[in-house]
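Assemble the whole structure, with the sequences as input and the hints as a guide.
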Amino acid sequence: ELKVEQNPLFLSMQEGKNYTIYCNYSTTSDRLYWYRQDPGKSLESLFVLLSNGAVKQEGRLMASLDTKARLSTLHITAAVHDLSATYFCATSRGGGGADGLTFGKGTHLIIQP
Amino acid sequence: NAGVTQTPKFRVLKTGQSMTLLCAQDMNHEYMYWYRQDPGMGLRLIHYSVGEGTTAKGEVPDGYNVSRLKKQNFLLGLESAAPSQTSVYFCASSYLRKDLRTDTQYFGPGTRLTVL
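So the protein lines, in turn, are chains A and B. Residue numbering for the first sequence follows our numbering, starting at 1 and increasing by one per position. Residue numbering for the second sequence follows our numbering, starting at 1 and increasing by one per position.
I should point out that these hints are in silico values taken from the structure, not numbers from a laboratory. Each residue gets a CB set at the ideal place from its N, CA and C atoms; glycine is no exception. You can take every hint at face value.
Reference excerpt, derived from the structure (chain A facing chain B, CB under 10 Å, subset only):
(1) V4
(2) L9
(3) D30
(4) R31
(5) Y33
(6) Y35
(7) K41
(8) L46
(9) A90
(10) S92
(11) R93
(12) L101
(13) T102
(14) K105
(15) G106
List time: in silico DSSO-like cross-link candidates among lysine-lysine, alpha-carbon distance up to 30 Å:
(16) B/K57 with B/K70
(17) B/K9 with A/K41
(18) B/K57 with A/K3
(19) B/K14 with A/K41
(20) A/K56 with B/K98
(21) B/K9 with B/K57
(22) B/K57 with A/K105
(23) B/K57 with B/K71
(24) B/K98 with A/K68
(25) A/K41 with B/K70
(26) A/K3 with B/K98
(27) A/K105 with B/K9
(28) A/K105 with B/K14
(29) B/K57 with A/K41
(30) B/K9 with B/K71
(31) A/K41 with B/K71
(32) B/K98 with B/K71
Okay, structure coming up:
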C-alpha cells in the first residue's frame, strides 16, 4: 500500500525565516506533486517533479525530488505572510500517473509577522 | 475557459437520501477523478476514469458510484447517504503529455456535503 508522509503537519514560523517541509513516500515512484490549499478553497498546483534530482523554484518556494531516497522537500526562503496555507505533496498511485494520486495529510503553515 | 466546475457547491442530505454530484471540465482532458477531503486526512481517491465510458475504483470507493458518459463530465453518485460521507468532495482532471506522462491534476472548487 502506497503511503505518503509529510512532516511537520503543523508549522508556525516568523516572517523572514527559512524552513523545509519533508515528504516521504513508501513505494517506487518517479513523480511527485506539490499543491497549495488556502482555507475553504480548492487545490492549486505548485510543482510537478518528474525525475530524480529534479529541482524547481517559484518565488520563495523551491521543491526537489530524490527518488532513490523516496523523499521530496519544499523549502521556504525568507517566509512572508502570504505563504500561509496548507501544503500537500502527492505521488501517483501507479505507473503512468493516470490512476490518481495518493496525498500526504498536509502541512498547515502559519507565518506570523 | 472555466476549467473544472462542480455542481452543487453545498448540499445537506438526510441519512438514506441519494444525490449526484456533477463535475465538468472544458480542457478536453482524458482523465478525471473524484476525491474526498476530511479534516486531518488529506485527500483520498474515490473513483477515477481514464476515458469516456471507463471508470475504476480508487482508495475509498464503498458507498459511491460513478459514470462517465461524456468525456467532459464525471458524475459521482451516493445511493444511500450516511453520516460518514460528510466531507468536501473535489473533482480533478488531467491529460497525457506528449512524452506519455500525465501532467498535474486540475481541481474543481469542491462540494461541501453534510449528511445528517
